[in-house]
Amino acid sequence: MITAAFIIGIFILIMITDLPYLISEKKKSRLLIIYLFFILSGIILGILLDTTNPPENPSTLITNMVNFIIGSN
Amino acid sequence: MFKRLSKIIGLRKKENSSSNTAMAADKKQPMVEGIPTDINDLKARVRREFDRCEDIVIRTLEIGQDNFIEMLVVYFDGLVNKDTLNAHVLRPLLIDARIVPLDKSVNKRTIVNIIERNLLDNCEILELTDFNQCVQNILSGNTVLFTEGSDIALATCTKGFATRSVDKPDTESSVRGSREGFVESFRVNTSLLRRRIRTSSLKIEEMTIGQQTNTKVGIAYVEGIVNKRIVDEVISRLSKIKIDGVLGSGTLEELIQDAPLSLMPTVANSEKPDKVAGKLLEGRVAIITDGSPFVLTVPCLFIEAFQTSEDYYSLPFIASFIRMLRFIAFVISMYGPAFYVAMVGFHQSVVPFKLVVTIAAARQGLPFSPFTEAFIMGLTFELLREAGIRMPKPVGQAVSIVGALVLGEASIRAGITGAPMVIVTAITAICSFILTPYTDLLPFARFALLIAANVLGLIGIALVSAAGLVHLCSLRSFGVPFMAPFAPLNLSGLKDTFIRAPLWTMFTRPKELTGIHPDQNRVRMALEISPEDYDGNE
Amino acid sequence: MNKIKLPILAVAFIAILFLTGCWDNNDVSDVAIVTAIGIDKLEDGRLAMTWQILKPEAAQPGMEGGQAGKAYTNYTAAGLTLNEAHKELIRISGRKPFYGHIQVILLGEKLAKEGIAEFIDIFERQYEFNQTVKVLLTKDMTAQELLEAESDLENLPAIHLMNLVEANIFTGKVIDLPFFKLVMELEREGRSTVISALSSKSKNDKSTIKEMQIEYAGIFRKGKLIGYINTVQVQSLLFIANQIRQTLITTEHPLSPDKQISVEIVRGQAKREVSLSEGRIKGIVYVDALARIAEVHETQYSLKPDIAKIIESETAGRIKQNLVTLIDMAQDNYGTDIFGFGELVYKNEYGFWKSVKDDWDEYFVHMPIDVFVDVKIKRAGLIDKPSKAR
Amino acid sequence: MQKVRLSGIQLGMLFVGFLYGSSSLLNPAFSALQDGWLAFLIGWMLGIIIIAVYISIYLLNPSQTLIGILKSNFGRFLGTVIGILYAWYFLHLAAIVLRDFGEFSLLVILPNTPLPFIIGCFAALCVYSLKKGIEVTARTGELLIPLIPLASLIVTLGIARLIDFSNIKPVLANGIKPVLTTGFGVLSFPFGETVCFLMVFPLLRKRSTLRKTVFISTVIAGLLLLIIVVRDILALNPQLTQRAAFPAELASKLFPVINIYPLILLNLLIGGTIKVIVCLYASAAAITELSGLSDYKALLSSITGFSVTLSIWLYDNVMQMFEFAVSTYPYYALPFQIIIPVLLLIISIIRRTSERRKTS
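Protein chains in written order, with this note's numbering: chain A, 1 to 73; chain B, 1 to 538; chain C, 1 to 390; chain D, 1 to 360.
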């Protein structure tokens with residue numbers, strides 16, 4: 001719980017530092033979509049990682065994928 | 001960036017608008033106000049201007065063969081030299097004027113010309129037609145003569161207020177260089193520069209800054225060497241300043257900084273005319289402020305703190321050795337406590353075994369962690385330093401005795417700090433005095449590094465140093481990268497950094513200052529006088 | 001931007017104030033600085049670890065000896081693994097051991113006999129372990145007993161032990177084996193390790209290091225102690241392994257055999273070669289030594305070049321005899337390759353190595369090894385002929 | 001606002017730092033044992049070829065970043081898709097290097113400090129320096145990057161007494177296959193990773209110097225790395241090199257008299273930071289360009305924040321980290337480093353010739 005709060009806090013801090021850039025950008029909606037995508041996925045991932053059962057990591061996925069492709073050759 | 005941010009906060013806009021209106025009200029475009037020709041009007045005008053200024057002297061003279069012309073002599077008591085005034089202004093007017101055919105046949109309007117050309121034997125006379133200018137002249141110590149019936153006033157130079165004579169500078173002492181230091185008087189300062197650079201290429205542009213103080217500011221540079229863009233930048237930045245008062249060069253320094261919130265100064269200052277002259281010859285611009293013995297020079301580079309004028313008067317090997325000492329001192333005084341804390345807390349295996357034994361023995365039973373110890377000692381040192389500077393000299397000594405005995409000796413005996421920490425603090429303190437320009441900022445870096453060292457050890461130190469370095473590299477001083485010639489790298493510029501190469505090898509002027517235009521006169525030393533030529537002459 | 005930095009800095013600062021001194025910040029006065037470790041195998045199969053822990057306040061150079069007592073203290077703890085013992089130590093001593101300045105590791109004889117591989121792992125894994133620490137065996141006693149011995153020369157026995165090894169660069173009779181070299185040697189193909197061993201001079205008195213000596217070196221096969229060689233053999237081994245810096249050879253004077261003469265080897269260079277012919281491996285050892293005459297008891301002859309020549313060949317003969325003895329001993333008594341000929345075969349004749357890899361020691365026993373020794377005497381000290389009592 | 005421009009020497013320094021920094025710690029050719037030097041040489045030569053491909057791609061599509069090149073050669077849709085993949089790859093690379101950082105610090109000096117904190121500190125430094133602008137980073141790099149080879153050199157000289165030239169024997173004991181596999185690994189780490197620089201090349205002030213700068217940097221970095229590889233084989237012996245998680249750290253511990261692992265730390269910090277910075281910049285610039293935004297700095301911190309969490313998510317444990325680096329990464333990086341660039345080159349050449357035919 002504390003970790004989650006901490007992660008959210010850090011990402012909010014990041015957003016505060018980015019505020020001037022966000023405001024100066026002309027295509028605001030597009031920027032916000034991308035921006036929030038990263039922020040939210042960072043937060044969600046961070047919180048999920050803190051749980052006892054974190055999601056399957058990308059390296060395993062990539063390894064499986066590579067093995068599948070190489071194996072098929 | 002800053003502007004954008006302020007817009008969000010809505011602070012800057014308000015500030016801007018309010019200050020703008022205030023300024024506009026204050027400084028209404030100085031309207032030209034004629035000088036009243038009628039003597040009574042004039043008197044009233046002058047009295048009104050200097051109402052309740054009780055050090056003003058307004059004297060009425062009647063000159064000419066029939067004492068037919070009334071004149072008004074206005075000056076501030078204390079600002080003028082009374083001998084000069086008596087001998088070279090009043091005497092010619094009251095006595096010599098009788099010899100001159102100055103009678104009623106002369107037109108009252110041309111009488112001023114006669115006074116100016118034939119009577120006054122004072123060297124410097126200005127014709128003024130604007131009353132405001134008259135006021136300015138009176139305020140700056142000149143005596144202004146108003147003549148009945150003429151709209152031209154004469155300002156004669158009778159400045160004679162008490163000034164300090166040219167003296168040894170306090171902040172930078174020198175062994176082989178000149179002992180002269182700048183003083184508070186503007187003209188003396190320009191003369192000190194002019195005496196060293198005797199060329200008409202040395203330009204000194206003057207401007208007045210400060211709504212109330214009307215401080216005279218001179219911008220000096222050597223034409224043909226200086227990069228014109230830097231001069232324009234300096235002038236434009238100075239002319240943007242709208243402030244009530246400029247009481248010292250520090251005010252200007254702060255207002256023309258490139259990065260006002262950075263710890264690093266991007267404007268250098270010096271009290272030594274020979275140093276400033278040297279910088280002018282490298283293509284820098286000097287800013288002389290009336291009333292301050294410190295002359296600012298821009299652009300200011302990081303490396304300048306390590307260069308002293310002395311380096312160029314002593315032999316290259318000696319100068320290079322001292323240069324390197326300064327770099328070592330810089331590193332020690334910045335990293336000393338942080339390194340100690342990192343070593344004691346994190347990297348004991350890096351410290352040689354016998355030293356670990358000693359440190360561990362000294363640290364047995366101490367109540368504080370190394371970090372707290374370093375923090376307290378560092379803070380104590382800063383307190384002592386501040387006390388030592390501000391105290392009157394005799395008391396200052398007492399402070400240092402208290403510092404040395406009570407804090408050094410007794411704190412070890414009492415078991416509050418360990419001897420190694422005192423040694424570290426002491427060496428840090430000594431080293432921090434070697435680099436005078438950075439003495440005041442080093443504590444900040446030191447404490448930041450200390451905190452980082454306490455959390456992450458050497459990694460923390462490295463991270464903070466890297467961030468600091470990035471910051472330094474991001475700075476520019478009047479368009480010149482602050483870390484030049486290291487970054488961007490300029491190999492020929494390195495000859496005057498860690499070492500001071502022999503003068504005959506540094507035959508070009510610093511590239512980063514003078515610009516890289518091929519038309520620029522880049523060679524500062526004739527190549528044909530390299531010392532090899534002297535071989536075999538005998 | 002700059003305005004926004006301030007709150008960040010403030011937050012960071014507060015965070016850092018809370019974090020002060022946590023995680024890995026171990027004050028040097030709060031850790032137990034280990035100067036020596038002894039590792040033994042107990043009867044029940046557990047590993048016992050003995051730490052010699054520095055007491056800095058007593059070891060400080062400025063301190064009067066005896067004022068604060070001994071400069072060290074020993075702790076012993078046991079566990080199935082060394083890490084268990086390590087944690088047990090924290091439990092009994094209340095301090096976290098710090099291995100960064102460990103000076104010497106002592107391996108008990110029983111442990112050595114049952115295999116030293118077990119002890120290596122923790123020290124390779126440990127992040128702050130001093131990799132250049134000296135490794136020694138203890139013969140006929142446990143490492144713990146040895147660490148209990150006091151030193152009358154140094155205030156830390158560990159330093160004394162380390163100096164025993166370091167100074168022996170000049171005697172050429174002790175193997176200076178840092179930990180990392182031991183690991184490398186154990187890993188090498190076709191080479192058995194030899195580690196110098198400390199033993200007690202007399203059975204009963206083990207109270208001071210003065211009573212200890214490095215008289216033997218243990219031979220290991222596949223990480224297990226199988227026997228000992230004495231110092232002369234260690235000298236020969238160092239000759240073959242090209243590790244001689246300085247050493248002394250004492251022989252009879254060639255012209256009057258009842259008088260002794262000492263020749264000091266100032267530089268010994270050795271080359272080992274293997275040659276494969278008709279499916280048989282032959283080993284060759286060349287030793288080239290530069291020497292000076294250190295001491296002559298023979299008063300009759302002055303040292304003329306022809307006499308020097310004779311002494312040269314005599315010394316060479318003595319060295320060769322020693323080497324051959326050692327080689328025979330290794331082949332016949334222990335049957336293991338302590339010289340690294342197998343390594344040479346592995347490196348130079350890889351194809352052949354593959355066929356003999358598994359039973360190289362068997363092969364080594366029957367391998368012919370030729371020894372060539374050449375000694376050159378360059379100097380003879382400040383005098384020509386010894387003084388003669390008339 | 002001045003347009004960002006890098007001088008040749010700055011780009012070169014970035015390039016050397018990128019190639020040399022983290023690779024010098026990990027010894028990319030360790031799995032070929034005593035033939036590591038040979039494997040490295042093979043990887044290096046292949047690396048020069050692949051870097052030449054990157055340069056040619058850029059020179060055929062001047063003043064365009066990778067995204068622009070992709071769009072103009074593969075068409076708008078396919079180009080965007082591949083561009084997104086590349087943005088992911090750069091981000092992933094940044095996360096991998098960050099994790100390497102963290103694990104190194106954790107294993108070597110700070111075993112009890114939380115991993116996210118260490119990685120976060122590193123990432124904060126990277127963001128700070130990138131927010132100041134890539135040109136500031138390059139300028140700082142100019143100051144710092146020469147220190148890395150210096151640090152390695154000191155370590156190398158310190159353990160020179162341990163060098164045993166017979167350690168490279170037997171040559172090709174297990175045949176050429178493991179050597180080639182390792183060489184392939186060397187190609188993908190570190191040389192192939194310079195595909196990030198396709199995002200940086202357009203910043204170079206004089207395009208004419210690009211070829212020379214990059215070539216010289218590759219050769220210098222390769223030589224320095226070769227020294228490291230050979231040092232590890234000769235002085236540490238191949239088995240130890242293979243077993244050690246960080247051979248360079250082990251080497252520093254064998255330094256006589258004192259322990260100088262802080263030098264290795266310096267090496268890691270400078271080299272690794274440069275690598276993360278370039279990767280983050282490439283990723284941020286790619287996303288910015290893909291979405292048509294104006295300033296990469298706006299996305300920077302969010303991307304970095306994401307990559308920090310990604311780097312922690314990346315592996316369950318260190319064993320997986322090393323396993324991934326050796327057996328999966330070369331294949332995973334293959335399309336990004338070789339297949340797509342080679343395709344790009346071919347298409348660019350075809351397009352160029354057809355254009356020329358049209359004009360003539």
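Derived from the structure by calculation, the hints contain no laboratory data.
A portion of the hints provided could be inaccurate.
Unchecked claim - Within a straight-line C-alpha distance of at most 30 Å, the following computed DSSO-like cross-link-like pairs (lysine-lysine) qualify:
no., chain 1, residue 1, chain 2, residue 2
1, B, K354, C, K210
2, B, K354, C, K309
3, C, K378, C, K309
4, D, K132, C, K222
Going through the hints against the structure:
1. B:K354 to C:K210: Distance of about 23 Å is within 30 Å: holds.
2. B:K354 to C:K309: violated, 48 Å
3. C:K378 to C:K309: holds, 11 Å
4. D:K132 to C:K222: Given pair K132 of chain D, K222 of chain C is violated - Cα atoms ~59 Å apart, limit 30 Å.
The earlier numbered hints that this structure contradicts are 2 and 4.
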